[in-house]
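Listed below, chain by chain, are the residues.
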Amino acid sequence: MRNSEPGSPVSSIGGRVPAADAGAPITRLFESMRPELLRFAHWLARDRAIAEDIVQEALLRAWRSRDALKDLGAARPWLLTIVRREHARLYERKRLELVSLDEVVETPASPRFPEPGGELFALRHAIMRLPIEYREPLVLQVMGGFSTEEIARELALSATAVLTRLFRARNKLRVIYGLTAAPDAAAPESLP
Amino acid sequence: MTCDEARLLIGADPGATTPELEEHLATCAACARFREEMRALDAEIRRALERPPDTVRPRSGRPSRTWRQWALAASVVLASFAVLAVWLLRPSDTLAREVVAHVQAEPESWLATQHVSAQDIGQALRGAGVALDVTSDRVMYAQSCWFRGHYVPHLVIQTARGPATVLILRHEQVRARRSFHEAGMTGLIIPAEHGSIAVLTRGAGDPADIAGHMQHEVHWLPDAR
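Chains B and F, in that order, give the protein sequences. So the first sequence is numbered by the working numbering: it starts at 1 and just counts up by one. So the second sequence is numbered by the working numbering: it starts at 193 and just counts up by one.
Excised from the complex, chain B in its bound form (with noise of 0.2 Å):
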């Protein structure tokens, strides 16, 4: 676990947040914002303890950046941005073991989520199998809610090219859900 400063969310895990800053609203905002980036970090890392650092840095980022922070009616993408360029750094910094997917494992259907059917599994194995240049942007349009112009911003890509990659990342999810791929109708991607 990394070092995180005091009153910070992070420092919060510990329980050594001042009751003063524990109550601010940006702080339990970002606790409040916690699962949601948990599970958005863990999509991109298919880690979960990878995910948790990625958080943990992203959280101590954004507090040490609050000042930034305008309009808390902008945080959750703002944290969401924020945990992306973290797990894009983490890999650029550490070199980080790739993870193998022959090594993943999907535990299917834990206690707490049971599986009402065979094909969300497999379409959520067939979703972490996606290469990261098309899982990242599926995952920020369809969980962040960002748009094509937002994507392409944060991924340095023309819109084109981000249009490409998430047609191209449905398409390979079309045949697990037991549909026909379609024809590749996306032209070769442009630089931005």
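Any given hint could be a false lead.
Said to hold, decoys possible - Here are the in silico distance ranges between beta carbons for each label pair:
(1) B:LEU179 x F:ARG369: 37 to 47 Å
(2) F:ARG243 x B:THR180: 26 to 36 Å
(3) F:ALA235 x B:GLU36: 42 to 52 Å
(4) B:GLY145 x F:HIS411: 20 to 30 Å
(5) F:THR286 x B:SER65: 45 to 55 Å
(6) F:ALA368 x B:TYR91: 47 to 57 Å
(7) F:GLU212 x B:PRO35: 33 to 43 Å
Said to hold, decoys possible - In silico DMTMM-like pairs for lysine to aspartate or glutamate, Cα to Cα no more than 25 Å straight-line:
(8) B:LYS172 x F:GLU228
(9) B:LYS172 x F:GLU300
(10) B:LYS172 x F:ASP205
(11) B:LYS172 x F:ASP196
(12) B:LYS172 x F:GLU236
What the hints assert, rightly or not - Residues from chain B shown here face chain F by an in silico Cβ test under 8 Å; the list is partial:
(13) PHE121
(14) ALA122
(15) LEU123
(16) MET128
(17) LEU130
(18) GLN141
(19) VAL142
(20) MET143
(21) SER158
(22) LEU163
(23) LEU166
(24) ARG170
(25) ALA182
Simulated from the structure, these hints should not be mistaken for laboratory data. No experiment lies behind these values; they were computed from the predicted model shown. Glycine is no exception: its CB is placed at the ideal position from the N, C-alpha and C atoms.
Dock chain F against chain B, hints included.
Just chain F, lined up with the frame of chain B:
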């Protein structure tokens, strides 16, 4: 707008719409159907992402001392359980337990009141390498379910003594029939020509009767994957 352009937009964001896209869809039934399919798929993608992936990943490198201690303790416990399981020959049997868990996870399957169409039964059997003599008017539920690494047909068949769940397990070999009773269900797994068939009933239903019928009504196709 061309069909290619329309499909690119739909595939990239099935929920989005533009006047040009709507104009195209008004005159192109194939693209309109494509959008319907993609919207349905997108709803499932949303559901799939609603919870984090339940992943487990074995750690590489030399196991830690703590890990070895736990492993030793776990192996002792597992060995005890294995002996107990063999002795009891009950639902502690892994396959039986997983069959029960799978059926428990689909409680709605018992509640179906509509007959399943022959087409839907065909979908459930697709890829499983089996054909079925059971007429569709007896089948109340039919799904192709992911079970132990394979898609298997999961059927609920109406009998005179209530509904019975049938899982056709082409990839699960059992040497002898195994009976069990758990969670209010009575179950039986029998060896079949290829793999096995699991039958579960609730209440008065006798799985042995149904399993006997299923042995004759399931036809194992050659060259199944």
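Structure-based check of each hint:
no.: 1; hint: B:LEU179 x F:ARG369: 37 to 47 Å; verdict: holds, 39 Å
no.: 2; hint: F:ARG243 x B:THR180: 26 to 36 Å; verdict: holds, 28 Å
no.: 3; hint: F:ALA235 x B:GLU36: 42 to 52 Å; verdict: violated, 19 Å
no.: 4; hint: B:GLY145 x F:HIS411: 20 to 30 Å; verdict: violated, 49 Å
no.: 5; hint: F:THR286 x B:SER65: 45 to 55 Å; verdict: holds, 51 Å
no.: 6; hint: F:ALA368 x B:TYR91: 47 to 57 Å; verdict: holds, 51 Å
no.: 7; hint: F:GLU212 x B:PRO35: 33 to 43 Å; verdict: holds, 40 Å
no.: 8; hint: B:LYS172 x F:GLU228; verdict: holds, 17 Å
no.: 9; hint: B:LYS172 x F:GLU300; verdict: violated, 29 Å
no.: 10; hint: B:LYS172 x F:ASP205; verdict: holds, 14 Å
no.: 11; hint: B:LYS172 x F:ASP196; verdict: holds, 17 Å
no.: 12; hint: B:LYS172 x F:GLU236; verdict: holds, 14 Å
no.: 13; hint: PHE121; verdict: holds, 5 Å
no.: 14; hint: ALA122; verdict: holds, 5 Å
no.: 15; hint: LEU123; verdict: holds, 5 Å
no.: 16; hint: MET128; verdict: holds, 5 Å
no.: 17; hint: LEU130; verdict: violated, 11 Å
no.: 18; hint: GLN141; verdict: holds, 7 Å
no.: 19; hint: VAL142; verdict: holds, 6 Å
no.: 20; hint: MET143; verdict: holds, 5 Å
no.: 21; hint: SER158; verdict: violated, 13 Å
no.: 22; hint: LEU163; verdict: holds, 4 Å
no.: 23; hint: LEU166; verdict: holds, 4 Å
no.: 24; hint: ARG170; verdict: holds, 5 Å
no.: 25; hint: ALA182; verdict: holds, 6 Å
The structure is inconsistent with the numbered hints 3, 4, 9, 17 and 21, although it conforms to all the rest.
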